[in-house]
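Asks: Sequence:
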Amino acid sequence: MAEALPEYDSLLFVSFGGPEAPEEVMPFLENVVRGKPVPRERLLEVAEHYYDFGGKSPINEQNREIIAKLTEELKAHGIHLPIYWGNRNWKPYLHEALDEMKRDGKKRALAFFTSMFSCYSGCRQYRENIICAQEQVGDDAPIVEKVRMGFNHPRFITAATAQVAEALELLSPDKRERAELVFTAHSIPLGMSKNAAYELQLNEACRLITKELGRDDYTLCFQSRSGPPSQPWLEPDVLDVLRDLAAQERDVVVLMPIGFVTDHMEVMQDLDVECTEEAEELGMTFLRANTVGTHPDFISMIRELIVERISGTEERLALGELGAWHDVCPVDCCKYDMPQRPKPSEGGSREENSDRPTSSGGRA
Numbered sequence: 046m047a048e049a050l051p052e053y054d055s056l057l058f059v060s061f062g063g064p065e066a067p068e069e070v071m072p073f074l075e076n077v078v079r080g081k082p083v084p085r086e087r088l089l090e091v092a093e094h095y096y097d098f099g100g101k102s103p104i105n106e107q108n109r110e111i112i113a114k115l116t117e118e119l120k121a122h123g124i125h126l127p128i129y130w131g132n133r134n135w136k137p138y139l140h141e142a143l144d145e146m147k148r149d150g151k152k153r154a155l156a157f158f159t160s161m162f163s164c165y166s167g168c169r170q171y172r173e174n175i176i177c178a179q180e181q182v183g184d185d186a187p188i189v190e191k192v193r194m195g196f197n198h199p200r201f202i203t204a205a206t207a208q209v210a211e212a213l214e215l216l217s218p219d220k221r222e223r224a225e226l227v228f229t230a231h232s233i234p235l236g237m238s239k240n241a242a243y244e245l246q247l248n249e250a251c252r253l254i255t256k257e258l259g260r261d262d263y264t265l266c267f268q269s270r271s272g273p274p275s276q277p278w279l280e281p282d283v284l285d286v287l288r289d290l291a292a293q294e295r296d297v298v299v300l301m302p303i304g305f306v307t308d309h310m311e312v313m314q315d316l317d318v319e320c321t322e323e324a325e326e327l328g329m330t331f332l333r334a335n336t337v338g339t340h341p342d343f344i345s346m347i348r349e350l351i352v353e354r355i356s357g358t359e360e361r362l363a364l365g366e367l368g369a370w371h372d373v374c375p376v377d378c379c380k381y382d383m384p385q386r387p388k389p390s391e392g393g394s395r396e397e398n399s400d401r402p403t404s405s406g407g408r409a
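Heads up: the sequence shown begins at 46 in this note's numbering, then just goes up one per residue.
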């Protein structure tokens, strides 16, 4: 006899969070680095990036747009799941979302994380955050089960391809022909990467998008690294890639932030400001493609991932060689033990041994 499918009564939309006013910037950053030895002067430095943009991150506003479009998408396909929204680091917090769900009588939810690629900060940590939130809510907190990662889902690849193609169309035919395709994702420590399929999934998505565009070559690089200089992180850095391309007299770059579903401060500061300035100094034509967040195919992908779980269908759409990713993460999936940081007297100055927060202060 086939096992009965669980009945889901809600959807939990899980994201990183971000400030929406200048007075929220420092409390948000303090949440991001809580428990980490980050000097206050570094937080103040990162805060200036937010103040340069009016003290507001674009992430919450874009998440609201995604949720609104997803609500319409689900309704149009006869799927009656109310959407609740909870963040890791800022309002609305995960425990607030779960508390609201409990008050509304919700018992079992599917969860969608705004991360397409598997690593500790993009998947396992969110699962840990949900467990902590459930403990805060207490008895009768809703059960939460996530949908699978969609890095190779046809709809995700279509959405990302469309965003790159739109950027390419802004170029003259000559520049379009010789444009270099560069994809970026948030760098993570090598110690985190070794227990995750992060690089593997990123390269697969980049390969599939490049193929859809009818091109042969791409460069995957990383951005927004933090942590002490002695700790190795994924490379190459995006700025180094731009310099290397310029040294090879390749003067047109279209860059896609494949690792980001929506615009974060990392996208705005590290790409739209720093990469744009670097490209200008190098004499390059530089265009940044839009993130996939509100693209219709991305919204449809979320709906299709939900339908997979609700219906228990054996058809799980995926392109490429890796196949559809697992629904339930293995016990040790993306496991990461934070390295012990030496005290200043044991290993150098406070600055050398402190985390260096990125433009958002985080690694999501």
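Please keep in mind that the hints were generated in silico from the structure rather than gathered at the bench.
Heads up, some of the hints might be wrong.
[What the hints assert, rightly or not] Simulated restraints, written as ranges between beta carbons of each label pair:
#1 356 <-> 285: 30 to 38 Å
#2 125 <-> 293: 34 to 42 Å
#3 190 <-> 367: 19 to 27 Å
#4 113 <-> 322: 30 to 38 Å
#5 215 <-> 356: 39 to 47 Å
#6 180 <-> 223: 35 to 43 Å
#7 380 <-> 341: 34 to 42 Å
#8 245 <-> 285: 37 to 45 Å
#9 322 <-> 116: 18 to 26 Å
#10 127 <-> 275: 42 to 50 Å
#11 380 <-> 216: 29 to 37 Å
#12 106 <-> 50: 32 to 40 Å
Glycine included, C-beta positions come from ideal geometry on N, C-alpha and C.
Asks: Taking the hints in turn, state whether each one holds.
Replies: Verification of the supplied hints:
Checked against the hint of 30 to 38 Å, the C-beta distance between residue 356 and residue 285 comes to roughly 46 Å, which is inconsistent with it. Here the CB-CB span from residue 125 to residue 293 is close to 55 Å, at odds with the stated 34 to 42 Å. Range check, residue 190 to residue 367: Cβ separation about 22 Å, and the 19 to 27 Å hint holds. For residue 113 paired with residue 322, a C-beta distance near 34 Å keeps the hint of 30 to 38 Å intact.
In this structure the hint that residue 215 and residue 356 lie 39 to 47 Å apart at CB holds, the actual value being about 40 Å. For the pair residue 180 and residue 223, the beta carbons lie near 55 Å from each other, so the given range of 35 to 43 Å is not met. A C-beta distance of roughly 36 Å is found between residue 380 and residue 341, which places it inside the suggested range of 34 to 42 Å. The given range of 37 to 45 Å is broken by residue 245 and residue 285, whose C-beta atoms sit roughly 22 Å from each other.
Judged by the Cβ atoms, the range 18 to 26 Å given for residue 322 and residue 116 is violated: they are separated by roughly 39 Å. Checking the proposed 42 to 50 Å range against residue 127 and residue 275 shows it holds: the Cβ atoms sit about 47 Å from each other. In this structure the hint that residue 380 and residue 216 lie 29 to 37 Å apart at CB is violated, the actual value being about 43 Å. Under the hint 32 to 40 Å, the C-beta atoms of residue 106 and residue 50, about 35 Å apart, fit the expected range.
The earlier numbered hints that this structure contradicts are 1, 2, 6, 8, 9 and 11.
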